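Position chain B relative to chain A; hints supplied.
Below are the chains, spelled out letter by letter.
Number of protein chains: 2
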Amino acid sequence: MNISTVSKPHEQLAATLAGEMAAVNELIQTRMASEHAPRIPEVTAHLVSAGGKRLRPMLTLAAARLCGYQGEHHLRLAATVEFIHTATLLHDDVVDESAQRRGRPTANLLWDNKSSVLVGDYLFSRSFQLMVETGSLQVLDILANASATIAEGEVLQMTAATDLKTDESIYLQVVRGKTAALFSAATQVGGVIADASDEQVQALYDYGDALGIAFQIADDLLDYQGDSKATGKNVGDDFRERKLTLPVIKAVAQATADERAFWERTIEKGRQEEGDLEHAMALMAKYGTLDATRDDANGWAAKAKAALDALPDHEIRTMLRDLADYVVSRLN
Amino acid sequence: MNISTVSKPHEQLAATLAGEMAAVNELIQTRMASEHAPRIPEVTAHLVSAGGKRLRPMLTLAAARLCGYQGEHHLRLAATVEFIHTATLLHDDVVDESAQRRGRPTANLLWDNKSSVLVGDYLFSRSFQLMVETGSLQVLDILANASATIAEGEVLQMTAATDLKTDESIYLQVVRGKTAALFSAATQVGGVIADASDEQVQALYDYGDALGIAFQIADDLLDYQGDSKATGKNVGDDFRERKLTLPVIKAVAQATADERAFWERTIEKGRQEEGDLEHAMALMAKYGTLDATRDDANGWAAKAKAALDALPDHEIRTMLRDLADYVVSRLN
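As given, the protein sequences belong to chains A and B, one line each in that order.
The number in the numbering used here is simply the position in the first sequence, starting from 1, with 1386 added.
The number in the numbering used here is simply the position in the second sequence, starting from 1, with 1386 added.
Chain A with its partners taken away, still in its complex shape (with noise of 0.2 Å):
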């Protein structure tokens, strides 16, 4: 891939990283075969041949050259990242029940969930062998708390999803579980292995942190504005399965008595009826809550953006604030 000619932020990172990421994906193959459960590799050959950008582990790396680092333990890092990500994606299909996951059919369709449980643990496992290789406490401190962060934001989306107490905070809670623990993790732990200063590896962890957040209020609010092509997921999906996302939380919050028996009746008790997702997109658009989304997610990303003024100057950074435009520039 020639660099000049790729525009995406996320293909620059790539085309620079090339190399590195070769390594990575070695590495992912070679740690995810099991010589003696062969169902392993079928399970996630399957999710990891569907591709994905590798997103986080990208993170992992860039952060790690942008603080100089010349060692390897990085590429460990990455593909703990990406294990911990496919582990996650992997239960959430069974948690789900979703039928589609990166335009395939799901693991525990193809599988079952016995496969996709198992192997989900398989993989979380491989990651902490792969963490405690690099013989840092402090990747492992960082890597331990995110995965409590992300299970605990999992577990309370269980709940508040459906909810109508679920206010904003809340929501940020399950949004940092869902998203924003492993990028912030990603960029963190780039930061601790190339032994940077306190105060670029919390610039780190600040810009993993905002982006993540960006990205998941961004998709939310594509759910309710999006292009079904472009996104792959038709408008109002969210609505329909009573998942309470931003757009509709900002609703809630100014809702009349009237309105609240609406969402009461819609999401609480999904007793739902023709019409109701064009009236929620009525009552959106009555309090402008996609657009105070959207404040909310060029927000995020803005944050993001300022907090890598505290890296150093270089190819990599450009690219990684592009990269927090271009989480945003769907919908602008």
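Because the hints were derived from the structure by calculation, they are not lab data.
Computed from a predicted structure; not experimentally measured.
Positions of the beta carbon are idealized from the N, C-alpha and C atoms, including for glycine.
Be aware that one or more of the hints could be misleading.
Derived, one-sided and incomplete: chain B residues facing chain A with beta-carbon distance under 8 Å [to be verified]:
(1) 1394
(2) 1441
(3) 1505
(4) 1538
(5) 1545
Same frame as chain A, but now just chain B:
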């Protein structure tokens, strides 16, 4: 509990280690709590209050005490081991769609698969935080490897359980994953945290490994010769669920062509008819495989006891020796 009035070795251990076990229980309660996700204690309290012998954390405390440990990290490791065990049970419940666990309805019937998977993940992440707090990379290495063995064993079991190619060495791998890996990690980390010699740490590993294998073989044998009132299982459950365990593996290895066809039909294809269990029992009697399996269990219990010779002479060592006898005493 007065030590002199109790006879079972795990009760003696519980009495001797009562103060530390209380501290471990306290730690488990504290670390299980989540202010953000009230669903978590709901699911786990159910498992925790159901009790169980807390054998695994007791092994960690026993190993640490036996090696003269004076600090407090062994409490964290004992809680770690119990969290891993509980998480594994939660994930097993999803997997097996088993209706009973410790004599109560399983979490996934009271709640749902979703809660079992995610709360299991939460407990894994909590165990990960606890072990990182010990600051011992050697402990982390042992627990990472044990986690991988457990996960690989569980995946292996999915395919191996109904495959007549499963031989005794594959069975042993499954048993290590299912039971022995956490037993051996539990004893080993107790020694490591106490800064025991390499020889002693190896002896603790050997003890836990052999004890876990003896325990699981005994369990599998009791499925065919047990008293259903004592075991809480019906004779032949494993046969009906098409699980290849050691008594059947030994019979398959010696089967005539006709007998092999019988095993193929009943185990591999799962087409079972009236009278099949009785025929299976007759084939096991023909080759004496229940006796041979009992010999194996006794052999592993003897190995466990022999491993203790490398450890200090101490009342705890006597109890661990008695425990090895106890796990096979139900068979003899």
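How the hints compare with the structure:
Interface hint status for residue 1394(B): violated, as the beta-carbon distance to the closest one in chain A is roughly 32 Å, over 8 Å. Of the supplied interface hints, the one on residue 1441(B) is violated, with its beta-carbon coming no nearer than about 22 Å to a beta-carbon of chain A, more than 8 Å. The criterion of a C-beta within 8 Å of any C-beta in chain A is met by residue 1505(B), whose closest approach is roughly 6 Å, and the hint holds. At about 5 Å, the closest approach between the beta carbon of residue 1538(B) and any beta carbon in chain A falls short of 8 Å, and the interface hint on this residue holds.
About 5 Å separates the beta-carbon of residue 1545(B) from the nearest beta-carbon of chain A, less than 8 Å, and the hint is met.
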